[in-house]
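S.K.: Heads up: the protein sequence lines correspond to chains D and U, in order. With the working numbering, the residue at position 17 of the first sequence is 272, and numbering never jumps. With the working numbering, the residue at position 57 of the second sequence is 197, and numbering never jumps.
Keep in mind the hints are simulated off the structure, nothing from the lab. Be careful, since some hints might not be right.
[Stated by the list, open to error] Residues on chain D that point at chain U, a partial pick, calculated with CB under 10 Å:
| hint | residue |
| --- | --- |
| 1 | V305 |
| 2 | D312 |
| 3 | C335 |
| 4 | L339 |
Quick reminder that beta carbons are idealized off the backbone N, C-alpha and C, glycines included.
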Amino acid sequence: MILTTTVQIALGMMTLALLLNLWRLMRGPDTSDRILALDTLYINTIALMVLIGIYFDRQAYFEIALILAMMGFVGTAALCKYQLRGDIIE
Amino acid sequence: MFLAWIVAIPFLGALLPYGAVRLVPKQACGAAASLAAALVSTSALIIALSHTPDVFAGGEVHASMPWIPRIGLTLALRFDGLAMVFVLLILGIGLLVILYAHFYLAKSDQVARFFAILLLFQGAMLGIVLSDNLLLLLLFWELTSLTSFLLVGFDPRSIEARRGARMALVITGGGGLALLAGFLLLGSVAGSFELSEVLAAGERVHQHPLYLPILLLILLGAFTKSAQFPFHFWLPSAMTAPTPVSAYLHSATMVKAGIFLLARFFPVFAETDIWFYLVGGVGLTTFLFGAYIAIFKHDIKGLLAYSTISHLGLITFLFGLGTPLGAVAGLFHAMNHAVFKASLFMAAGIIDHEAGTRDMRRLSGLWHFMPITGTLAMVAAAAMAGVPLLNGFLSKEMFFAETVHHEWLGHLDWLLPFIATLGGIFAVAYSVRFIHDVFFGGPLQELDRTPHEPPRWMRIPVEILVALCLLVGIFPEQTVRPLLDLGVQSMLGFEPRYDLAIWHGFSFPLLMSLVALVGGLLLYRLRRWLFRAHDWVFPPTSGASVFQRLSTGLQLLARARMPHPTQASLQNSIAWLLLTTLVLAIWPLLPALWSLDVAGLSDWLMGLELSPLDVPSLGAGLILVVAAAGVVGLRRQRLQATILAGVIGLVLSLAFVHFSAPDLALTQLTVEVVTTILLLLVLYFLPQSDVARLSRWRRTRDLVLAVVAGTGVAALALVIMTTQTPSIAEYFLHAAKPAAGASNVVNAILVDFRGFDTLGEITVLAIAAAGIFAMLRGIRLHTPQRDLFGRPWSPDVHPTILAMLSRPLLPMALLVAVFMLLRGHHEPGGGFIAGLIAGIALVLQQLASGQQWSAERLRLNYTRLIGAGLLMALGTASAALLWQRPFLTSAFWHSESTWLGELELTSAMVFDTGVFLVVLGTVMLILDNLGRLSGHRQHGRRAGHQVAAHPAPVPAASAPALGSAPWKS
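So that you can see chain D by itself, here it is in the shape it has in the complex:
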C-alpha cells in the first residue's frame, strides 16, 4: 500500500521532471544545454521505467531501462562529438 502510493507520487514527480527537461530543451539557449537536456530526459525516462516496473511488477521494464541507459549514452556521445569536431567518426 505504501509502496503503491510512493510509486504513484514518484511517477508524478518524474513526469514533471520530464516536462522541465523539455522546457530546457526548447529554451536552450546553447546547443550544449539542449544536448544535456536530452541526456537528462533519457536518464529520467530510465527512472520512469524502473518505477513503472516496480508498480506493475514486470521485468520487461527493467530491461528497457537497461537499453535506454546504453542508447542514451551513445546518442549523447555522438551529439557531443559533433559539437567538438563536426566529424563524429574519424
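Following the hints, complete the assembly by docking chain U onto the known chain D.
M.R.: Chain U in isolation, oriented as in the chain D frame:
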C-alpha cells in the same frame, strides 16, 4: 533426378572459377579459371551423354519435382531427341569456346567473372532446351537474356558495350514478357503448363479463339530472341561482347533459342495459314535483308552478325513453311550454322587478336602471315556460302528444294525460289568478301603489329569445328543422320522420308546453288559499283540508331513529365506521395462525407470507452506534441531539429512500452540512436544554417497536406482500434507455441510464420548496403573547417574520457546483444534488435577512439558479414528441403539436461543469427563508409593518436584496411 544435374552443374559450377582463382598464384589464374569452367562443362556433358543411350533406344528421359504447384510451376525436365541435339550443341561448342576463351582472355584479369557468367548462361540455355514446363522454360529464357546482358557489357568502361548490352536486354527481355503472356494464355487454353500436355492439346489450341493472340505473343518472344526483322538490330550491337561470347551466345546457342521454340511448338502451331504467312514471311524477309546488309559491313564481326541474322531468317522460314520436310531442313541448318558460324567467329577473333583490327578496309594479305587460320576460315566461309562437300551445302540445298516444291502462293510460286536464289547470291558475295578482303586483296597495309599464327591450342577449337563441317558435308548419312533422325522424331512425332545425299542428280535446286555461286562471285567482282549504289539508294540509318533515339526520347519525355524537374527534392516527392494517397483514400469516402451525420459522430465519440488516463501518459503526450511542433518550428536549425527528433523517438518507444509492445520499443530505441548518428554524419557536410526560406505557398501546401494526412491516419487508427473484428492475432497467439516452439509471438512471426518476408527484407537490406557501398566508393567530400558559429574545431580528436568510458561499454553491450539474440524466441529480442545493439556498440568505439583504432583491433569485413548472414538464413531455410519439408519449415528440439537444465533449440535460432549478421553488417557498413567521406585531416589524426594513448602511431599507409575498403589510406 539425375537429369537435373545437367542443368544444375553449370549453375553450381559458376562459383568454381572464382574459387579456383583464389587457390593459385596470380600468373596461373587464367588457366585455373578456364580449367574449372571446362571441368564443369565436361561433367555436365558426361551426364548428358550417359542419358543418350535411352534416347537412342527410342525413349525419353523425364524428371519432375513440384516447385510451386499452385501456379503450375514444376521443375520438370525432359530429355528427348530435340533436347539432345541442342544439349550436345550447347555443351560441345561450350567446351570449345571455353578453350578458345582461355587464350583470348589470357591478359584479362576478369577471367573468373567471365567464366562464371558464361557457365550461368550455359546452365540457363540447357534449362530452356530441357524444360518440360512452360513457366520453367520462361524462367531460363529470361536468365539467358540477363546473362547475355552481362556478357555483352562485359567491359563496363566502353560506352558501346553498355549501349549494346542495354539494347539486347530491352529487346530480348521485352520479348520475354510477350512470351510470358503467350505462355500464360497457352497454359490456360491447354489446361496445363506441362509441355507434354500442351503438345498433345494442339488441336484444341487451333480451334480456340485465342489462337491468334497466343501465336503472336509467342512468336514475338521467339523473333526478338532470334533477331528476326525488325528486331534484328540488337544482334550487331551485341557484337561489342568479347568474341568467344559472340561465337557462343550470338551465333551458336542463345539466338537459336527462338528457333528451338519454333521447333518445340511446331506440332501445336504449324499447318495454319497464319503460321505460314507470319513465320515464313518474317523469316524470308530477314534472310534476304540480313544477307544484303552483310555485304556492306566493314567490321568482320558486323558482317558475321548480319550473316547470322540472315541464316536465322532462313531457318525461321523453313519452319514457317509448316511442312515436315521444311522442319527437318530447319533443324539441320540450325545445327550446321552453329558449327560453321562459331568457327568463323573464332577465326575473326584470332584475326582481331593477332592483327589488332577487324576492319576489312585495313586488313589484306593476311594469308602470308597466317595460312593455317586462313585455310580454316576459308573452309568455314565456304560452308556458310553453301559450297558442295560442306555441311552448309546440304541444308541449303534442302532449303532450295523446299522453296521449289512449295505451292502456297498460287501464281506467285516462282517468287520463293527467286528470293532464295537472290539470298544465296548475297551469301556467296559476303563470304567471298570476308575471305578475299582479309586474306588476299594485295599486300598487308600498315598495322600496329605484325600478325602471326595464334597459339597452337587456340586454333584447336576452330579445327575441330571445321573438321565437323567437312565430315558432315561428305559423310552426312554416317555422321549426322542418327542424331538428326532423333531430333526430327521427337519434334514431329514421326519421321518423314528425307534424303541427305550429296548428289541428287541434275535438279532445279542444284541449278539454284550454281546460280548462287556464280552470281555471288560476279556480285563481288562488281562490288565497287554495288557499294556506290547502296550508299546512294539507302540512307545511312539503322535500327540501332532508331532505337537509341527512341529510348533517349522516352527518357526525356519521362523527365519532362515529372513534377518540378529542377527540384528533385525529398519534400516534393513526399508531398506528391501524400497527395496521391489522400486523393485515393478520400475519393471513395466522398459520398459518406457529404451526408455526414455530425451529431451521430460526436455521440459515437462520446460513447467510446476510453482507457483511464494516468499522469505519465498525459506528460508523455504533452512532450510528444511539443517536440513535434518544435521540430517543425526549428527545422531551419538542423542540429536543434535533430535533437528534438530524438525526443520524439524516445517518447514513441515509451508509448510502445506502455501498450505492451516491448519488441517494438527495443527496436525503436536502437533505431533512434542509429538515426541520430546517421543524421549527424550527413549534417557535417550540409550547410548548417541559411536553409532557403520556403515560399508562403509551399508552407501552406505542406501545412494543409500534413494536417489532412495526420487527421486521416488518426481517424483510421481510431476506427480500427474501436472496431471489434476477428483479428489474425488470435491465430498467431495460439499457434506460436505448438507450431513454432516460441513464447515470443512477435519473434515467431518474424522468423517462422512470415520468415519468407524476413528473408526478403534482409535481402533488400543487403542490396541497399551494397548500393551505398558502391555509391560512396572513393568519394571525398569537402569538409568544413569551422563550426556553425565560425569557431575552429576542437583539436582534441578523441577525448580521453570519452574513449576510456566507451571501452568497457563494448563487452557489456555485446553481451546484451548476444543475450537479446539468444532469448529472442521466447522473450523480447531477436536478431534484428541484437544486430542494431552490436552495431551501435561497435560504432561507439569508432566514435570515441577512431576508425583506425578500431580497425587495428577488430578487422571486420562488412560485405562478407552480410553475405555470411544471408547465406546462413538461406541455408537454414533450404535445409528443410533435405527433410522433404517445405522451404523455411523450422525444426525445434527440446530436452532436459542435468548440466544445462532445460534446453531448447530451434532452427529459427540459426535463421535469426543470419538476420543478426546482416543487420550488424549493414549498420556498420553504412555508418563506417559515411564516416570515411571526410577528407584527410592529418594534423587532427596525429593528435588523436596521442590522446588515445597510442605509443606509436601506425603510418596510415600500412594500417590494415577496415572491412574490404581498398581506398583506405
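S.K.: Tell me the hint numbers this structure goes against, listed in increasing order.
M.R.: Of the numbered hints, 1 and 2 do not hold.
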